[in-house]
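Asks: Respectively, the protein sequence lines represent chains A and B. For what it's worth, our numbering labels the leading residue of the first sequence as 1, then goes sequentially. For what it's worth, our numbering labels the leading residue of the second sequence as 1, then goes sequentially.
Note that these hints are calculated values from the structure, not bench results. None of these values were measured; they are calculated from a predicted model. Honestly, I wouldn't trust all of these hints.
As the list claims (entries may be wrong) - In silico BS3-like cross-links for lysine-lysine, where the CA-CA straight-line distance does not exceed 30 Å:
1) B/K215 - A/K215
2) A/K61 - B/K181
3) A/K196 - B/K181
4) B/K196 - A/K181
5) B/K196 - A/K196
6) B/K190 - A/K190
7) A/K196 - B/K190
8) A/K196 - B/K131
9) A/K190 - B/K196
10) A/K269 - B/K119
11) B/K90 - B/K5
12) A/K196 - B/K5
13) B/K196 - B/K90
14) B/K196 - A/K131
15) A/K190 - A/K90
16) B/K215 - A/K269
17) B/K248 - A/K181
18) A/K215 - B/K246
2 protein chains.
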Amino acid sequence: MSHKKVIVNPPATVANVVCGFDILGFALNEPCDELQLELSDEAGVQIVNNDEYNLPLDPEKNVSGAALLALLDAAPDVKGIKLTSKKIIKPGSGIGSSAASAAGAVVGVNHLLDNRFTKEELVQFAMFGEKVASGVKHADNIAPCIYGGVTLIRSILPLDIISLDAPTLHVTVVHPQIEVKTADARQILKQQVLLKDAIKQWGNIAGLVAGFLQKDYALIGRSLEDVIIEPVRSILIPGFDEVKEKSKEAGALGGGISGSGPSIFMLSKDNATALAVEKTMQDVFTRIGIDFHTHVTTINNEGVKVVSCE
Amino acid sequence: MSHKKVIVNPPATVANVVCGFDILGFALNEPCDELQLELSDEAGVQIVNNDEYNLPLDPEKNVSGAALLALLDAAPDVKGIKLTSKKIIKPGSGIGSSAASAAGAVVGVNHLLDNRFTKEELVQFAMFGEKVASGVKHADNIAPCIYGGVTLIRSILPLDIISLDAPTLHVTVVHPQIEVKTADARQILKQQVLLKDAIKQWGNIAGLVAGFLQKDYALIGRSLEDVIIEPVRSILIPGFDEVKEKSKEAGALGGGISGSGPSIFMLSKDNATALAVEKTMQDVFTRIGIDFHTHVTTINNEGVKVVSCE
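Chain A extracted, bound-state conformation (with noise of 0.2 Å):
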């Protein structure tokens, strides 16, 4: 017997988005993963790896596997699932690999199901693949690529997604090739912060959230500021601070560490500049010898696309 296939095109994410830790995240329209899904007779979730990443094919270790598990859990009336994985976003690089896996897995499916369930039940299920990928459900990835756009995620228990609408934005994303594990860009954070830092950056997310919403583009550059995490976690990152310095000269309006590192976005009013932003990006890791990809994008409004249906 022969069912229905599905490709999905889930997208890369940053997450965190400097002075929203843990709580704020965007969908970028490249680059973007391609699975194909298929109901199947089988029972349970069988993985197809279609790249050289070697993920693994045991469900309840694969990222997109734990998230299908949780999705079976929810629809017994389906027997299996079938999953061809490409992976084009690098795992690793902190534009939310492991998310894309997740929720482009549970977003396909869901529409060979006919949308039975809600985008906030697609992110319940898809936190279960980053639980294995970083031993915490957070959804700060999870969100924006299943919903598009930027995500608040106020709350995690009980799960408060808000979308925000933004103005236009060009991002730029370079991922040096070094490798930053989030479970360690996690442990080094301090458990305890300072008062007036903490009123530092809830000013500053209260800014950023007022500047998406009213398309105020100083606004957002003035908020971009992050004085907890990027100090503790931007050492981990050779050239940050210089990469930082010159996008902003290049006329970025700001930006950072992208999700937990290594890889670092800034976001820009319009093309020509996140072009120059890229430049700047090229010349710092070329002259530091570090290896490294750029994308230059935008901001994805639509999340995981589903590109075609049989």
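For this one, chain A is given, so just place chain B on it according to the hints.
Replies: What follows is chain B alone, placed relative to chain A:
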């Protein structure tokens, strides 16, 4: 020689607004003070009190006086100012009594000077008044008093004030007649907070700003949660927990300590609910046996009112 006079009504304000400690405030339509201001040929600031509070007559020790001295420094062509002050907003109530004295004075004089100073400059002058009152140059009462509406103070240095366009909100305030000094209320706060609590707080302030700007009453309600300041400061206010719980049962969206207390404010969607909340507050403090005043009003979008000029 006779000079132009102006009478202004600077309004009470609610600072902090639960999760916006030190960065958020809004103005009320009542109560308001009544200040009369007049340019004078006599150098410096002369103060006449037209109420029972015996506030200091030495301008350097008087909240309005200190603000006016700062303004005079920036207006060397103005010789002196005469202020007649009638306080309606009780000092020490936690609804911005000192801010009203400071803001009203400088807005009034600015009116006599054909509005030569910007609102931001007026905030800077008025902050000298707050310094006299509490030792700290904070702007979270001053800014809404001068700008009206809901204001975000993203940063004090440099000063960055953002007006947030909020939906119609009805405000119930109860002022239990106990004394909580701003300096004491500040001193009992811990200088360090848990990162996980700070994250909750910035999720909530981000949600509250989004709730205001997206006119989403339910989101405003969900975001009115303070895990850092309220648990400490509310201990100083007998009946606080009960007032909060019963006000929500009566339909309030949420609320908390106004400024550093002892006043408690609650936000509601309509006037009938705000009146039901008032009844609840009255019942609690009557039973506990603490004298109180209540106010049922709305957010004042105008700021200091210039009521007459001759």
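Asks: Output the numbers, in ascending order, of every earlier hint that fails for this structure.
Replies: Per hint list: 2, 12, 13, 17 and 18 violated.
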